[in-house]
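Using the hints provided, position chain S relative to the given structure of chain B.
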Amino acid sequence: MGFLAPWNLLTLLGLVVLGVVYLRLLRGPSSSHVWYPEAGQLGLVAPRTLGHYLPALAFFLALAMALVATARPTLRLMMPENLAGVILAIENGWSMRQTDIAPNRMVATQAAAKALVEKLPPQVKVGVATFSGYGTLLLPPTTDRNAFRQAIDHLDLGGGYSFTFGLLAALEALPENPPEGVSPGVIVLFSHGHDVSGNDPLKIADEALRRGIKVHAIGVGTHGHNFDEEMLKKVADRTGGRYYPIFSANDLSHAHADLGRVLGWRPQTLEASGILSLLAALLLSLSIGGSALRRQVV
Amino acid sequence: MLFRRASKNKIELTLTPEPKETMPRQRELPAELLRKLEFRVLKRLDGFLFGDYTGFFYGPSLDLAEVREYQPGDEVRRIDWNVTARTGKIHIRQYREEKEVTVWLVVDLSASMRFGTRRVLKLEEALEFVGTAAAIVARHGDKVGVIGFSEAGMRVVPPGTGRRQALRILHELYGLLALGQEATASQTKPSRAMHASLEQALEHIAKTLKRRTLLFVVSDFLNPRPEQEPPWARGLRRLAYRHDVVAVRIFDPAEKELPRAGELRLRDPESGEEVWIDTSDPRVRRAHAALVQAREAMLERTLRAAQVDVLSLSTAQEIVEPLLKFTLRRRGRR
Numbered sequence: 287m288g289f290l291a292p293w294n295l296l297t298l299l300g301l302v303v304l305g306v307v308y309l310r311l312l313r314g315p316s317s318s319h320v321w322y323p324e325a326g327q328l329g330l331v332a333p334r335t336l337g338h339y340l341p342a343l344a345f346f347l348a349l350a351m352a353l354v355a356t357a358r359p360t361l362r363l364m365m366p367e368n369l370a371g372v373i374l375a376i377e378n379g380w381s382m383r384q385t386d387i388a389p390n391r392m393v394a395t396q397a398a399a400k401a402l403v404e405k406l407p408p409q410v411k412v413g414v415a416t417f418s419g420y421g422t423l424l425l426p427p428t429t430d431r432n433a434f435r436q437a438i439d440h441l442d443l444g445g446g447y448s449f450t451f452g453l454l455a456a457l458e459a460l461p462e463n464p465p466e467g468v469s470p471g472v473i474v475l476f477s478h479g480h481d482v483s484g485n486d487p488l489k490i491a492d493e494a495l496r497r498g499i500k501v502h503a504i505g506v507g508t509h510g511h512n513f514d515e516e517m518l519k520k521v522a523d524r525t526g527g528r529y530y531p532i533f534s535a536n537d538l539s540h541a542h543a544d545l546g547r548v549l550g551w552r553p554q555t556l557e558a559s560g561i562l563s564l565l566a567a568l569l570l571s572l573s574i575g576g577s578a579l580r581r582q583v584v
Numbered sequence: 076m077l078f079r080r081a082s083k084n085k086i087e088l089t090l091t092p093e094p095k096e097t098m099p100r101q102r103e104l105p106a107e108l109l110r111k112l113e114f115r116v117l118k119r120l121d122g123f124l125f126g127d128y129t130g131f132f133y134g135p136s137l138d139l140a141e142v143r144e145y146q147p148g149d150e151v152r153r154i155d156w157n158v159t160a161r162t163g164k165i166h167i168r169q170y171r172e173e174k175e176v177t178v179w180l181v182v183d184l185s186a187s188m189r190f191g192t193r194r195v196l197k198l199e200e201a202l203e204f205v206g207t208a209a210a211i212v213a214r215h216g217d218k219v220g221v222i223g224f225s226e227a228g229m230r231v232v233p234p235g236t237g238r239r240q241a242l243r244i245l246h247e248l249y250g251l252l253a254l255g256q257e258a259t260a261s262q263t264k265p266s267r268a269m270h271a272s273l274e275q276a277l278e279h280i281a282k283t284l285k286r287r288t289l290l291f292v293v294s295d296f297l298n299p300r301p302e303q304e305p306p307w308a309r310g311l312r313r314l315a316y317r318h319d320v321v322a323v324r325i326f327d328p329a330e331k332e333l334p335r336a337g338e339l340r341l342r343d344p345e346s347g348e349e350v351w352i353d354t355s356d357p358r359v360r361r362a363h364a365a366l367v368q369a370r371e372a373m374l375e376r377t378l379r380a381a382q383v384d385v386l387s388l389s390t391a392q393e394i395v396e397p398l399l400k401f402t403l404r405r406r407g408r409r
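Chains as they are written, first to last, in the working numbering: chain B, 287 to 584; chain S, 76 to 409.
There may be inaccurate statements among the hints.
[To be verified] Listed next, the stretches of chain S that the computed footprint assigns to chain B, with coverage defined by at least 3 CB atoms under 8 Å from CB atoms of chain B:
1. 187-197
2. 343-354
3. 362-373
[As the list claims (entries may be wrong)] With the C-beta cut set under 7 Å, the calculated list includes, among others, these residues of chain S facing chain B:
4. Arg239
5. Leu297
6. Gly337
7. Leu339
8. Arg340
Just so you know, these hints were derived from the structure itself, not from any lab.
All values reported here derive from a predicted model rather than from experimental measurement.
Backbone N, C-alpha and C fix where the C-beta goes; we use that ideal spot for every residue, glycine too.
Excised from the complex, chain S in its bound form:
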């Protein structure tokens, strides 16, 4: 039938007008996130590692705890030959971390983390990592503490144990996140005093920590001036000297390769600066590629100089696989 009479709609819909400001995406509650991670990440990691997270948490350490007699199951390379020769019985060296460990998580929740073009935003990826790490530590009965920082300031959760601690950490970080978003939404520049940077967070934790700990620094490690050494480099080096530091780098693939999307107005989440560029223009793409290359080279140099382990997490990927690879790599190096 060529001409069809327009029939009246049988279903009438009332559409509420769209709110002018797009509301931030509703996030699940900390408990939900933790449950989801336990199910989706920990279960799968357990499948590979049988719950043995040595390597992931118990990195190389020089803090000798004790020398004890060999028991079946101990690693042969841990045998302390001097003591064995002296006593005539096989002894092995045991390190402190193997007994108990305090884990600190330094989490960057600044505006640049509120970005993501794939599976999740960078900060969601960071929170997934934090939740997973806290859950693993909690399961082993070790202590975990957190320092979260953003434009809205710094939040410190002192080390604690158990699943409740993991929940508390997530809860605090969610609160900090909400504060940061409010600051951005109201377009008021948070005062300089409140604004906390990675540099300040590292400085704070360096002052706080007394004993050797395992430290995860979760950030995108972006550097406003790629040709210079980032301001946090010194703090990181100093921390890595005394502690076991792992840099957890969160990135989005769109940061490394500019999306080919024609003309766009890009706004910098940190400075609020706007640039109007043609992302398909080969000259712009070349300039961006050079920028990325310089940034990556500087970051790699800085992290290598600080002698920290690096775990890279992409927002395009579930965190299980990189975590597993990282654990196996670290375990192999011990």
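Just chain B, with the same shape it has in the complex:
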């Protein structure tokens, strides 16, 4: 929370002065009183309620809100981003059967992918591309989450490993020129980082960068077990994405929790003066209404 005109908050000091004056007035004899014999006795036995002070309290709160509103407070809120789509590029080579991540790389990846998509706003389109010796677009970007889950559940394994094919397939699935007001899209790459296709991964990353597509990379595997995270890091860095090394299923869930916050949501700074003014108006009407209701004579 921040303020666009923080100096206006100093006016709240005036409110403090007003409060002190009010309390002073409350203590002294009132100008509009009613003589009533034995009022002192009644004061001893009558229950004391905070209800008397409610209108005044509401009035001061309303005034405080209005004064705070003049300081133009801002709120940083996560707003859903209008994405062209999120493509999960998932390696499905034989190497994904390795069990260095329990129960094995593939199962862990499937669980991670599903959990990640659950965090996305429902209107975000999700697609799935798989790659081993070649890249395939398994599911074009869609908001149908059932289709997504089915696609993930029915991944089968093939030979070879070249994540550049996966990247290319994913890039192809995203629109070249997204419509006005729609951001180009995001690729999440699940891979162990080996590439034997002979393509230059950084060139493909440059192409993604040109189109404004971020590539987040998730390294599936552990060191010493057919795993190369250097290239994945470079690709993610080049496009402004993040890289998450995964050494266990636990790491994976941390990674997608972090990624889930970033993906599909965009922090936006909004001015909250309007809401505060509305609250001030409501409190003011509560104050006026309350005192009018309870003061029937004087």
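Showing chain S alone in chain B's frame:
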């Protein structure tokens, strides 16, 4: 015509600015009040009682004045059978009060009496009663005296006779009233020495009175501590033992039932204390009802223990009817 041109006011009024402090209501002069009472109260009482105020003034008494021979018109139950048997002629007993009576009025004009929500203020009701009683006594040629007390002190008018005495009593009480109001208006607490209470007034009169008299104690009998016996209770009991005492209780209906008026700041006229309560709040109303009940129960117990007659006068009502009922009740008991 939907749209009417605003015409200039034909009458121009100059309003004097309202004075900041509301001035006390101008009261009529003692003579005016007395005349009004004679016309409005006494005439109507006469209509019912034919000027015979026995009962109202001549309560039960044990002071035997004389035993005389029976005359037509005397009450049969007054016959003294012993003397009749001894002398062979019917004799009746006559009591002192029936011949002459001195009436004393003890009048409470303290701040709490300056309250009233109906026809008149409580003190105006008290003054009406005082005027009526004094006028009746004056008409019968008996003596009437007054002790008035308020925050401003005590005023004593020694017993006297005639209409002039009634006027003098009212005049003195008006003077005391004006003093009390000045004290309240100037917000200066009158010194404790000047401040007179019902207790002191009763004590004073108990010392003064030698012969048996008829005593009217006119007050609202409010008690600052309803759970305790009021401080004047002992004095009243002692007086009632020797004299014929009538407690004239003045009350306002708003004292018994809290007016339902939403949120109010109430100020106690006696202590100046202020409380801020919601008179429509059921909890407040329950608390007040309990307070009133305790106060009424204590007052009733105290007055019964003192064995005094009670005449209750409400500010909502003209005093004729309660006076009449009281007179008939007392007469029936003799």
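*For this structure, which hints from the list above don't hold up?*
When the structure is compared with the hints, only number 4 turns out to be violated.
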